[in-house]
Amino acid sequence: MEDVKAYIESGVLELYVLGEVSHDERVEVEAMALKHPAVKAELAEIEASMERFAGEYAVEPPAGLRNRVLNSVLTNLANDNTFRSRQPEVTGKIAPMPVPEKNDFYKYAFAACLALLVVSIVALADIYNQLQVSAHQVAALSTQNQHFSKTVSLQNDMLIMFRDTAYKLVKLQGTARNPSASMMLAWSPAKKKVMIDMGSLKLPVNDKRHQYQLWAIVTGKPVNLGVFDVKPDSAAAIKVMNPVENPQAFAITLEPRGGSVNPTMANLTVISKI
Amino acid sequence: MSKSRKISLTEEELVRSLRNRERIAVEALYDMYSSSLFGVITRIVNETTTAEDVLQETFVRIWNSFSSYSADKGRLFTWMVNIARNLAIDKVRSKDFRNQNKNQDIENTVSAIDEQQSTTYKPELLGIKDLVSTLRPEQKSILDLVYFKGYTHVEVANELGIPLGTVKTRLRMAIQELRKHFN
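Chains A and B, in that order, are what the protein sequence lines are. In terms of the working numbering, the first sequence is residues 1 to 274. In terms of the working numbering, the second sequence is residues 1001 to 1183.
Since the hints were derived computationally from the structure, they do not count as laboratory data. Among the clues, some could well be false.
Below 20 Å or equal to it, Euclidean Cα-Cα: the simulated EDC-like pairs (lysine to aspartate or glutamate) are [what the hints assert, rightly or not]: (1) 1073(B) <-> 24(A); (2) 1149(B) <-> 47(A); (3) 40(A) <-> 1011(B); (4) 1140(B) <-> 51(A); (5) 171(A) <-> 207(A).
Derived CB-CB ranges, DEER-like [what the hints assert, rightly or not]: (6) 4(A) <-> 1098(B): 40 to 48 Å; (7) 1160(B) <-> 41(A): 37 to 45 Å; (8) 1013(B) <-> 37(A): 21 to 29 Å; (9) 67(A) <-> 1163(B): 43 to 51 Å; (10) 41(A) <-> 1086(B): 20 to 28 Å; (11) 1094(B) <-> 9(A): 34 to 42 Å.
Since the model is a prediction, treat every value here as computed from it, not as a measurement. Yeah, the Cβ is synthetic: ideal placement off N, Cα and C, and Gly gets one too.
Whole structure, please, built from the sequences with the hints as guidance.
The structure is reproduced here in structure tokens:
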């Protein structure tokens, strides 16, 4: 009890009532008041006398101030009531933040991207196929075009040949072994060019191991003018052979593929004299 | 609820209705305590318009932070007057208030000086003449410094050039005198 008395007399309770104590002191005073009724009673005495003391200094505020103060407090009351009435509703309806929505967006976006990718790949494959077809068509057309231009060129040559008076048309007649065989060739003494008219060829079709060889007889000796094939579906109109000067005669023999140095007279098929 | 009839409740009733956020509690609070609080605020602030503002702030603060008041820890008035004192002292120490006092008009200066020089002419303080006379000057000054000027007891010790323990005992003696006077 001596401690309590000393505590009371230390003056800390007065400071406590005046709000002049630190946080630790405040906690201590409150603990002492709970523990010792004497401290609590002393505190009550001090508080009561300070309240009386303040009462002695009391100043009646101006009459208008009452409404002003009440209004500003009651504005707060209104705010408070708004909050208080709303708070239970809010606490009852607390819902998780719509975070999944955000996740959904990326999920859908990813799915959309995948779908777009698949569609793109399919479209790309389709376009690639179409491109391949077009490329084939272009190749075919180009081949056809080449073929036509070659044909036109040959036809042109043929026309030139027929129009050019310098060309001499020579008809080769079948020998005794091939009486039905015949063919035409053109020779220009000025240009020394020799051309075979493939359209008028009437020669037996040669096999794969043999080829026909054109010879010119110049001063009694045979001169090789090149080889050619006779095919059943041959489309070539004109074949240009090796040039020759001053031929006395033309002859064609059937020779092994690639041609021979000297003609095999046994296989003489057609012959002509100029 | 007319202005002429002031509302008065027991402290327990008042605390309960304040806790329940009742309108009538605010009115009762004002009617019961505004003059005591305004007296303390006026003593500290020394300027009527500012004192009125501080009183308003005090009631708003009391209302808004009432949940932090606990009857176990003391009387309602002790809690409220400390709020009022702190707000008033903060106001006096604020830059605005000090500048405002420096830039007073010439007409106001005379009365301001008057107010600062003598407290005896204040009509509201006439009633406590005998109370002040019961306190010895050193008790009165220490109570003034702590209660109305917001000095901490350390600051008081420095101001008066006395040991910290003496500040505490003198303050206690002053309040003991008051207790004797009121009883």
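Taking the hints in turn, this is what the structure says about them:
no. : hint                          : verdict
1   : 1073(B) <-> 24(A)             : holds (15 Å)
2   : 1149(B) <-> 47(A)             : holds (19 Å)
3   : 40(A) <-> 1011(B)             : holds (18 Å)
4   : 1140(B) <-> 51(A)             : holds (16 Å)
5   : 171(A) <-> 207(A)             : violated (24 Å)
6   : 4(A) <-> 1098(B): 40 to 48 Å  : holds (44 Å)
7   : 1160(B) <-> 41(A): 37 to 45 Å : violated (30 Å)
8   : 1013(B) <-> 37(A): 21 to 29 Å : holds (25 Å)
9   : 67(A) <-> 1163(B): 43 to 51 Å : holds (49 Å)
10  : 41(A) <-> 1086(B): 20 to 28 Å : holds (27 Å)
11  : 1094(B) <-> 9(A): 34 to 42 Å  : holds (37 Å)
In this structure, the earlier hints numbered 5, 7 are contradicted, and the remaining ones agree with it.
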